[in-house]
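Visitor: Here's the letter readout for the chains.
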Amino acid sequence: MSEVKAIIISKKDTVATCMYGAEIGDTVHCVGSSVEKRITCTQSIPPYHKIAMKVISKGEAVYKYGEIIGAATEDIEMGGWVSDANLSGLSRNYETELL
Amino acid sequence: MEFLGYKRNEGRAGVRNHVLILPTCGCSSECARIIANQVKGTINVIINTGCADVQANTDLTQRVLTGFALHPNVYAVVIVGLGCETVGHKELKEKLEKETSKPIVSFGIQEEGGTPKTIAKAVTVARTLASEASAQQRELCPVSDILLGLECGGSDATSGVAANPALGKVCDRLVDLGASTMLSETIEFIGAEHILAKRAVNKEVHNQIIQICRAYEQHLANAGQDCRAGQPTPGNKAGGLSTLEEKSLGCIKKGGTRPIVEVLEEGVRPTKSGSLIMDTPGYDVASVTMMVAGGCQMVGFTTGRGTPTGIALAPVLKITGNRQTYRNMEDNMDIDVSAITEGEATIAQGGDIIFDELLKVANGKLTKAEAFGFSDICIDHICRFV
Chain A
0 MSEVKAIIIS KKDTVATCMY GAEIGDTVHC VGSSVEKRIT CTQSIPPYHK
50 IAMKVISKGE AVYKYGEIIG AATEDIEMGG WVSDANLSGL SRNYETELL
Chain B
0 MEFLGYKRNE GRAGVRNHVL ILPTCGCSSE CARIIANQVK GTINVIINTG
50 CADVQANTDL TQRVLTGFAL HPNVYAVVIV GLGCETVGHK ELKEKLEKET
100 SKPIVSFGIQ EEGGTPKTIA KAVTVARTLA SEASAQQREL CPVSDILLGL
150 ECGGSDATSG VAANPALGKV CDRLVDLGAS TMLSETIEFI GAEHILAKRA
200 VNKEVHNQII QICRAYEQHL ANAGQDCRAG QPTPGNKAGG LSTLEEKSLG
250 CIKKGGTRPI VEVLEEGVRP TKSGSLIMDT PGYDVASVTM MVAGGCQMVG
300 FTTGRGTPTG IALAPVLKIT GNRQTYRNME DNMDIDVSAI TEGEATIAQG
350 GDIIFDELLK VANGKLTKAE AFGFSDICID HICRFV
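Going down the list, the sequences are from chains A and B. As numbered in numbering that gives the first Met the number 0, residues 0 to 98 make up the first sequence, in order. As numbered in numbering that gives the first Met the number 0, residues 0 to 385 make up the second sequence, in order.
Bound conformation, chain A alone (with noise of 0.2 Å):
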């Protein structure tokens, strides 16, 4: 078991960047914008792919850069890999950005 650095891009994110693959039972030790959270890994992560920092529910948002990057498709747990397997785009509502 090794530690694996991660990014954490907004205090808001819930998932952290990844510097080095990680594998099962790794400590990620994500880091940035003030927080600081050990996590240990569940899934094999490949380098620079996304961990979840919490449990993530189907169809719940995910935030990274503090901004929503889609929805999960199934439920992940906490250590587990984020990535277009389980995590999906959202269409845009562009007539309410209108000003």
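Hints listed in this document are in silico derivations from the structure and should not be mistaken for laboratory results. Keep in mind the model is a prediction, meaning the values are calculated, not measured. Note that CB positions come from ideal geometry on N, CA and C, so glycine has one too. Just to be clear, a hint being listed does not mean it is correct.
Unchecked claim - The calculated lysine-lysine pairs, modelled on DSSO-like cross-linking and capped at a C-alpha distance of 27 Å, are:
#	chain 1	residue 1	chain 2	residue 2
1	B	K236	A	K36
2	B	K116	B	K101
3	B	K364	B	K6
4	B	K271	B	K94
5	A	K53	B	K236
6	B	K236	B	K202
7	B	K97	B	K120
8	A	K4	B	K236
9	B	K271	B	K202
10	A	K57	A	K10
11	A	K11	A	K36
12	B	K197	A	K10
13	B	K92	B	K116
14	B	K6	B	K271
15	B	K271	B	K197
16	B	K236	A	K57
17	A	K10	B	K236
18	B	K39	B	K101
19	A	K10	A	K36
20	A	K11	B	K97
21	A	K11	B	K271
22	B	K359	B	K271
23	B	K236	B	K101
24	B	K97	B	K6
Unchecked claim - Sample of chain A residues facing chain B (criterion: CB under 7 Å; computed from the structure):
#	residue
25	Y47
26	G69
27	A71
28	M77
29	D83
Unchecked claim - Just a few of them, taken from the derived set where beta-carbon distance is under 8 Å, the chain B residues facing chain A:
#	residue
30	A156
31	T157
32	H193
33	T232
34	G238
35	S241
36	E244
37	K364
Based on these hints, arrange chain B on the given structure of chain A.
Guide: Chain B only, in chain A's frame:
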């Protein structure tokens, strides 16, 4: 602050002094390539359109042809036409001469009696023009003359945390010096357009930013297509970018934080200075083509996975925040800001590295894509050829 550039009678100074061999259509592109191969100091582009197109496509092609010919990095133009294309060489020359005093010469392959005769004449003229161009000296020009295009291609998760924010710092510094920067790739605003819109200088620009995103999605939907089918690309996904929103939120970081003053149609020259947006596709080669047609003298190009692409008219600086990619593709990467990703440098320090290299390139240092002589272009298309 100043750089050593080539002063022009009209508009911004150039950072290069090329003689452009410009085909009017696909049928004269090979002839133009052979002419350029024979004369040092000339460049050529391959034009894959220019004939058998609907009006909207013809407009885009003409915007690129005139934008390239009028480009600040171009000293003179040798137009090579065929004779039966939509806009012929004489017509294009006349159009250009109303806007510029730079030397423009044109030939038609059908009039000259085939390619060997056209090549023989054009090579002689191009050699004279290249000789004249080489005699022009670089002079001190204000940094405010710079119009920097911004592009990302082959993005991965390092792009949004290192290379893009560092390039964003460069943009803020340039805009503060009176220069202009151009953010593009409308598809890669989607999911982050609300953040860009907040930077708009007024309500009109705010709504234009939202509307170009809506229009792009609608345009594809009208053809029964979904922009999310091709975006993120398979390479983006393998690099840790899972959704279009995630890609966009990282993408817009390279535009900096200054007020957005103008939203331009693709390939159109700006009327304002400062932080600009151009409505281009997310396909990097097409986006760079359209920004250069709009007058960008240089392009800051971030890449996580690594790409060699370059356009002959303007230096394209390849910037990566992925150390493995820099080491793996050093022959094609200009700037390494992976120290940010590795936690060894700040984003501001990365910005300083890019800014210093940008000035060197403005002063004449060749980018890797220029040294290899790359000339990638792609003209965006509204619909099928006819």
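Visitor: Work down the list of hints and note, for each, if the structure agrees.
Guide: Now the hints, each set against the structure:
1. K236/B / K36/A: Given pair K236/B, K36/A holds - Cα atoms ~25 Å apart, limit 27 Å.
2. K116/B / K101/B: Judged against 27 Å, a Cα distance of about 25 Å means the pair holds.
3. K364/B / K6/B: 18 Å, holds
4. K271/B / K94/B: 23 Å, holds
5. K53/A / K236/B: With Cα atoms ~22 Å apart, K53/A and K236/B stay inside 27 Å; holds.
6. K236/B / K202/B: Given that 27 Å is the threshold and the Cα spacing comes to 35 Å, the pair is violated.
7. K97/B / K120/B: 25 Å, holds
8. K4/A / K236/B: 20 Å, holds
9. K271/B / K202/B: At roughly 16 Å apart (the allowed maximum being 27 Å), K202/B and K271/B satisfy the hint.
10. K57/A / K10/A: 22 Å, holds
11. K11/A / K36/A: 13 Å, holds
12. K197/B / K10/A: Distance ~21 Å between K197/B and K10/A Cα, so the pair holds.
13. K92/B / K116/B: Status holds; Cα separation ~20 Å.
14. K6/B / K271/B: 20 Å, holds
15. K271/B / K197/B: 19 Å, holds
16. K236/B / K57/A: 20 Å, holds
17. K10/A / K236/B: Within the cut-off at roughly 24 Å; holds.
18. K39/B / K101/B: Holds, at roughly 19 Å.
19. K10/A / K36/A: 11 Å, holds
20. K11/A / K97/B: 55 Å, violated
21. K11/A / K271/B: 36 Å, violated
22. K359/B / K271/B: Holds: K359/B and K271/B sit about 26 Å apart, inside 27 Å.
23. K236/B / K101/B: Status violated; Cα separation ~46 Å.
24. K97/B / K6/B: With a Cα-Cα distance of about 19 Å, the restraint between K97/B and K6/B holds, given a limit of 27 Å.
25. Y47: Status holds, d = 4 Å.
26. G69: 4 Å, holds
27. A71: 11 Å, violated
28. M77: 18 Å, violated
29. D83: 4 Å, holds
30. A156: 4 Å, holds
31. T157: It holds, given that the least Cβ distance between T157/B and chain A is near 6 Å, below 8 Å.
32. H193: 6 Å, holds
33. T232: Hint on T232/B: violated, closest Cβ of chain A at ~11 Å, above 8 Å.
34. G238: Since the shortest Cβ distance to chain A is 6 Å, the answer is holds.
35. S241: 4 Å, holds
36. E244: 5 Å, holds
37. K364: Check failed: Cβ of K364/B comes no nearer than 30 Å to chain A, outside 8 Å.
Hint check: violations occur at hints 6, 20, 21, 23, 27, 28, 33 and 37; the rest are consistent with the structure.
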